[in-house]
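J.: What follows is each chain in one-letter form.
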Amino acid sequence: MRVLVVAVIAAATAAAAAGEIAPADRRSGYDFAGPETRAMQDDDTANPGMLGVLQGETLWTAKTGAAERSCADCHGDPRTSMTGVAVRYPVFEPRLARPLDLEGRINRCRTEHQDAEPLAAESEDLLALTAFVAYQSRGLPIVVQGNAELQPFLDLGNELFHRRQGQLNLSCSQCHDDNWGKRLAGAVIPQAHPTAYPVYRLEWQSLGSLQRRLRNCMIGVRAEPYEYGAPEAIALELYLMVRARGMLIETPGVRP
Amino acid sequence: MARVLINLPAEAKRGEIIEIKTLIAHPMETGYRLGPTGVTIPRDIINRFVCTYNGEEVFRAELFPAIAANPFIAFFTVATESGEIAFSWTDDHGETQTEVRQITVE
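Those sequence lines, one after another, are chains A and B.
Sequential numbering of the first sequence, starting at 1, is according to my numbering.
Sequential numbering of the second sequence, starting at 1, is according to my numbering.
Hints in this document: simulated from the structure, not taken from any laboratory.
Values in this document were obtained by computation on a predicted structure and should not be read as measured data.
Glycine included, every Cβ here is placed at the ideal spot set by N, Cα and C.
A few of these clues could be false.
In silico negatives: residues of chain A with every beta carbon more than 10 angstroms from chain B [stated by the list, open to error]:
| no. | residue |
| --- | --- |
| 1 | G34 |
| 2 | P35 |
| 3 | D43 |
| 4 | D44 |
| 5 | T45 |
| 6 | A46 |
| 7 | P48 |
| 8 | Q55 |
| 9 | P94 |
| 10 | Q114 |
| 11 | E159 |
| 12 | Q167 |
| 13 | Q174 |
| 14 | Q205 |
| 15 | S206 |
One side of the interface only, derived from the structure: several residues of chain B facing chain A at Cβ under 8 angstroms [claimed, not checked]:
| no. | residue |
| --- | --- |
| 16 | L5 |
| 17 | K21 |
| 18 | L23 |
| 19 | A25 |
| 20 | A68 |
| 21 | A69 |
| 22 | F72 |
| 23 | S88 |
| 24 | Q97 |
| 25 | R101 |
Only chain A is shown next, with the shape it has when bound in the complex (with noise of 0.2 angstroms):
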C-alpha cells in the first residue's frame, strides 16, 4: 500500500514538472538569446525595434480619418496616459463580446473614433503604434487577469495550447512547458512568455507581433496556422499573458 502511495505521489510530481513551469523558474526569452542579441536589446541607439517606437511616436501625434483626429487628441501625453496600458491585454470587450489586443484595439480605437480604416495586419504602422504603447509599459510587470467574462476565452486559450496539431502533432507545451532550454536544431526552446511584443525578430529584419510568431511556430509543426486575428489567436495570446503574469514588459525586444 505505502509503495502505491509513493508511486502515485511520484507520478503525480512528474506530472506537475513536465505540466506547468513554476514561478520562480520562469524566464523570459531575453535569457536564451545570446549575448550580441542581448546587448543588441539593451542598448536603445542599437535597439532596431526602437525605429519602431520612434515612428509610433510620429504616428501618435498624426491626425488621421475623417474625424481629423489624432491618438494624442484624446489619450494626450502617451507618457502617462499610455503608462501600465499594455500588461493590461488582452481585454475583454463588452460590445463585441470578446477580447481584444493591444493591436485589435488600435484599429477599434480607428474605426470608432478616427473615422478611419484599419490598418493591415503586420504594417509597419500597426506594428509601430503598437511598440510605442507597449513601450511606455516597459519595466511593468503584466496584470492580465482571467474574470468571469474572459473565462470562456482563457479556457479555450488553454486548451489550444496543450492541444496536438499539425503533421508533427505537437503542442505548444510540449516544447514550450516540458523542454524550454533544450534544443530544437540550433535553436534553444524558450518558454514562450509573450514580454517584448512587437519584437525586433532577426530572422524577420522587421517589427513582428505575437501572433505572427505564433503563426510561425504553427508552420513549424506542419499546422494551419490561425488568421491573423482570429478567436483561436487572441485566445493564445490571453492565455499566454495569463501564464505570464508578474514578468517584466521589455517592448521593443530583439531575438534571433
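Here the structure of chain A is known, so what remains is to put chain B in place on it, guided by the hints.
T.: Below, chain B without anything else, positioned relative to chain A:
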C-alpha cells in the same frame, strides 16, 4: 525621411577616443528575392555611408547586398575640436540623407 538613431557623447575631452553608433531604417532589399508574383524585387540598398567631422571625412563605408535591413554602423574617432559631426547615407536611388549632431570638446 528615414528614421535614424545616432548615439555619440555630447561632450568629450580633447584627444579622447569616442564611439559613435548609428542606426537607420532601411529595407536593404538585396535584389535577389522574388516577390509574390515571381518577379524579382528590385535592389534597393544603402550603398554608401560617410561621416565627416567639421567637414573632414573621418569614416566611410561601402555597403553591399548581404547587409541586413536597418544597418547599424558603429565606429570610433578622436575628439579633436568642438563642432559638427555629419552623417550621410546614400541609397541606390542616389538620394542622400544627412543628419548633423553637435559635439563639445574641452
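J.: Looking at Q174(A) again, its CB stays over 10 angstroms from all of chain B?
T.: holds, 32 angstroms
J.: Quick one, is the K21(B) hint okay against chain A at 8 angstroms, beta carbons?
T.: holds, 5 angstroms
J.: Is the Cβ of Q205(A) farther than 10 angstroms from every Cβ of chain B?
T.: violated, 4 angstroms
J.: Hint A25(B) vs chain A: min CB-CB distance below 8 angstroms?
T.: holds, 4 angstroms
J.: Min Cβ distance, L23(B) to chain A: is it shorter than 8 angstroms?
T.: With a closest approach of 6 angstroms, the L23(B) hint holds.
J.: Is it the case that Q55(A) keeps its Cβ farther than 10 angstroms from each residue Cβ in chain B?
T.: Answer for Q55(A): violated, closest chain B Cβ roughly 6 angstroms.
J.: Is P48(A) truly not at the interface, in the sense that its beta carbon sits beyond 10 angstroms from all beta carbons of chain B?
T.: The claim is violated: P48(A) sits with its nearest Cβ about 4 angstroms from chain B, within 10 angstroms.
J.: Per the stated criterion, does the least C-beta distance between G34(A) and chain B lie above 10 angstroms, as a non-interface residue requires?
T.: holds, 16 angstroms
J.: Please settle this one: D44(A) was flagged as non-interface, so is its CB more than 10 angstroms from every CB on chain B?
T.: violated, 8 angstroms
J.: When you look at the beta carbon of A46(A), is every beta carbon of chain B farther off than 10 angstroms?
T.: Violated, since 6 angstroms does not exceed 10 angstroms.
J.: Is the interface hint satisfied for R101(B)? The criterion is a beta-carbon contact with chain A at less than 8 angstroms.
T.: violated, 12 angstroms
J.: Checking the smallest CB distance to chain B, is E159(A) really beyond 10 angstroms?
T.: E159(A) clear of chain B: closest Cβ-Cβ about 34 angstroms, beyond 10 angstroms.
Comparing the model with each earlier hint shows violations of hints 3, 4, 5, 6, 7, 8, 14, 15, 23, 24 and 25; every other hint is respected.
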